[in-house]
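Sequences are here, hints too, so could you generate the full structure?
Protein chains in written order, with our numbering: chain A, 1 to 183; chain B, 1 to 361.
It should be emphasised that the hints constitute simulated quantities derived from the structure, not laboratory data. None of the values given here were measured: they were computed from a predicted structure. Note that the Cβ used here is the ideal one computed from N, Cα and C, for glycine as well. Check before you lean on any hint, since a few could be wrong.
[To be verified] Straight-line alpha carbon distances no greater than 30 Å define the calculated DSS-like cross-link-like pairs of lysine-lysine that follow: (1) Lys105(A) / Lys280(B); (2) Lys44(B) / Lys139(A); (3) Lys283(B) / Lys356(B).
[Claimed, not checked] Computed footprint of chain B on chain A; a stretch qualifies when at least three of its residues, placed anywhere within it, have a C-beta under 8 Å from a C-beta of chain B: (4) 19-25; (5) 88-97.
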Amino acid sequence: MTEEIIIAGFGGQGVLSMGKILAYSGIMQDQEVAWMPSYGPEMRGGTANVTVILSDERISSPILTKYDTAIVLNQQSMDKFESMVKPGGTLIYDPNGITHEPTRKDINIYKIEGTAIAAEQGNPKVFNMIVLGGFLKVKPIVKLDNVEKGLQKSLPPRHHKMIPMNIEAIQTGMKSVEVVNQL
Amino acid sequence: MAEVKLMKGNEVLAEAAIRCGCDAYYGYPITPQSEVMETLMLRKPWEETGMVVLQAESELASINMVYGAAACGKKAMTSSSSPGISLMQEGLTYLAGAELPCLVIDVVRGGPGLGTIQPAQSDYFQATKGGGHGDYHLIVLAPASVQEMNDFVGLGFDLAFKYRNPAMILADGVIGQMMEKVQLSEYKPRWTQEEIDKMSDNWALTGKKAHRSHNTVTSLELDSYKQEVFNHKLQEKYKLMEENDVLFEEIQCEDAEYIFVAYGSASRICQKAVQLCREKGIKVGILRPITLYPFPKKEIARLSKQVKGILTVEMSAGQMVEDVRLNVANNIPVEHYGRFGGVIPTPEEIVEALEKQIIGA
Numbered sequence: 001m002t003e004e005i006i007i008a009g010f011g012g013q014g015v016l017s018m019g020k021i022l023a024y025s026g027i028m029q030d031q032e033v034a035w036m037p038s039y040g041p042e043m044r045g046g047t048a049n050v051t052v053i054l055s056d057e058r059i060s061s062p063i064l065t066k067y068d069t070a071i072v073l074n075q076q077s078m079d080k081f082e083s084m085v086k087p088g089g090t091l092i093y094d095p096n097g098i099t100h101e102p103t104r105k106d107i108n109i110y111k112i113e114g115t116a117i118a119a120e121q122g123n124p125k126v127f128n129m130i131v132l133g134g135f136l137k138v139k140p141i142v143k144l145d146n147v148e149k150g151l152q153k154s155l156p157p158r159h160h161k162m163i164p165m166n167i168e169a170i171q172t173g174m175k176s177v178e179v180v181n182q183l
Numbered sequence: 001m002a003e004v005k006l007m008k009g010n011e012v013l014a015e016a017a018i019r020c021g022c023d024a025y026y027g028y029p030i031t032p033q034s035e036v037m038e039t040l041m042l043r044k045p046w047e048e049t050g051m052v053v054l055q056a057e058s059e060l061a062s063i064n065m066v067y068g069a070a071a072c073g074k075k076a077m078t079s080s081s082s083p084g085i086s087l088m089q090e091g092l093t094y095l096a097g098a099e100l101p102c103l104v105i106d107v108v109r110g111g112p113g114l115g116t117i118q119p120a121q122s123d124y125f126q127a128t129k130g131g132g133h134g135d136y137h138l139i140v141l142a143p144a145s146v147q148e149m150n151d152f153v154g155l156g157f158d159l160a161f162k163y164r165n166p167a168m169i170l171a172d173g174v175i176g177q178m179m180e181k182v183q184l185s186e187y188k189p190r191w192t193q194e195e196i197d198k199m200s201d202n203w204a205l206t207g208k209k210a211h212r213s214h215n216t217v218t219s220l221e222l223d224s225y226k227q228e229v230f231n232h233k234l235q236e237k238y239k240l241m242e243e244n245d246v247l248f249e250e251i252q253c254e255d256a257e258y259i260f261v262a263y264g265s266a267s268r269i270c271q272k273a274v275q276l277c278r279e280k281g282i283k284v285g286i287l288r289p290i291t292l293y294p295f296p297k298k299e300i301a302r303l304s305k306q307v308k309g310i311l312t313v314e315m316s317a318g319q320m321v322e323d324v325r326l327n328v329a330n331n332i333p334v335e336h337y338g339r340f341g342g343v344i345p346t347p348e349e350i351v352e353a354l355e356k357q358i359i360g361a
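What follows is the structure, given as structure tokens:
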């Protein structure tokens with residue numbers, strides 16, 4: 001199994017940390033992982049994206065132009081990455097701020113109201129975990145207990161008390177993801 | 001077994017330095033490798049192993065501090081990125097001329113000049129052909145994964161001390177910024193003064209001892225005939241490196257009709273290109289030089305008799321391709337494909353280049 005994922009949105013949305021938690025979860029189930037951020041003269045509020053690869057085999061290129069899954073969190077990222085999903089692949093997006101809905105018919109498309117749910121719960125910080133939950137529902141490539149172990153590894157001990165809240169957010173995301181286009 | 005961690009290439013360089021018993025790091029921040037010093041400063045190894053970590057006032061100061069520590073037989077290192085490494089060239093040729101071991105890390109970015117901060121491999125010539133003046137070589141290691149960022153720190157110091165010659169890790173922004181699974185090396189203690197006295201008694205500046213006259217560390221010689229004798233000695237040393245310490249990896253070369261020659265992150269992208277080629281029925285393999293100096297000449301010669309064509313893939317306008325062309329032992333096409341200035345080639349572009357420049361040519 002190899003899953004090549006792009007997570008893309010604004011800086012500050014937790015794009016990079018979502019990727020890191022996913023990568024750590026892969027390690028917990030003995031997979032090979034790579035986490036490659038776009039980097040450059042970035043600024044706050046600018047776009048941020050990260051390629052995450054989980055595989056049972058040695059990982060080849062961390063630089064990709066086609067992805068099994070794109071997790072898209074703003075319009076700029078939709079414009080850039082919708083076309084880069086492999087035919088038969090998966091696109092998951094948060095409709096908040098999306099003005100042009102995805103139009104492809106040859107991929108699975110799902111919607112997760114991450115921003116809205118996080119705001120409803122009064123906890124915008126768990127936004128990225130809600131989205132991660134949505135992804136894990138449609139692509140259960142890592143088990144939830146491995147995500148929990150991954151969180152334990154990636155967070156410093158002083159933040160471990162927040163793990164249950166994050167797991168809860170992932171579960172909320174799992175329940176909230178909606179099908180837009182299914183092959 | 002050591003714990004598996006998820007770390008950035010640059011962070012791993014710092015961690016590996018502490019664990020291999022490095023005595024001193026001197027550096028000056030520059031993107032895309034600033035995490036090396038940042039990680040060292042956060043880890044505070046001076047409290048743990050006694051390792052010195054010092055932010056110098058410039059790259060010139062860093063490399064000359066390395067010279068000073070190396071002259072005393074210590075394991076000293078620095079890291080920088082392309083423009084900073086250019087500033088260090090005087091120090092590097094002096095280190096080579098004074099036969100001092102040290103480790104220098106270049107996390108390459110796009111050039112020339114201040115260039116860009118994105119990944120590139122355009123410092124191959126500078127790293128392997130001297131960079132500074134005079135007939136000298138650095139030992140140059142090219143990691144292609146975060147794990148190799150860990151492994152090559154210890155290896156770099158080992159080779160540097162084996163030959164009393166500066167060693168360089170030539171990485172790039174991709175390997176430096178990427179996080180992968182890594183198994184960190186076990187801790188090795190720093191050498192004690194007694195161990196240094198014993199090991200490097202015939203050259204290091206450890207004080208005048210009763211059993212020998214004083215040691216001198218210099219790269220200056222006023223007698224040209226003596227300089228020539230010394231240069232012959234250096235050349236003998238380089239010959240030994242070429243005979244004994246060439247490292248490379250062959251990937252799917254057994255049945256290959258074509259090969260990519262690529263190092264570092266370009267070799268990773270080529271691995272994807274190989275997958276894409278093989279899905280199309282084109283049998284391609286990769287020769288990945290791990291030591292860029294000494295270069296795997298014999299392997300190029302051997303593979304050139306097996307395959308129908310070679311494409312070098314570099315994030316430069318074509319530098320390593322010259323060494324590949326010098327060593328092919330058969331009349332086959334050898335072409336270069338590159339993106340540069342901080343642009344990274346995609347696997348699809350590489351497949352297309354192979355089809356156009358080699359197969360269809």
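We went through each hint and held it up to the structure:
1. Lys105(A) / Lys280(B): holds (26 Å)
2. Lys44(B) / Lys139(A): violated (41 Å)
3. Lys283(B) / Lys356(B): OK: Lys283(B) and Lys356(B) at ~15 Å, within 30 Å.
4. 19-25: holds (count 3)
5. 88-97: Since three or more residues must qualify, the claim that chain B covers the stretch 88-97 of chain A is violated, with 0 doing so at under 8 Å.
Of the numbered hints given earlier, the model fails hints 2, 5; all others are met.
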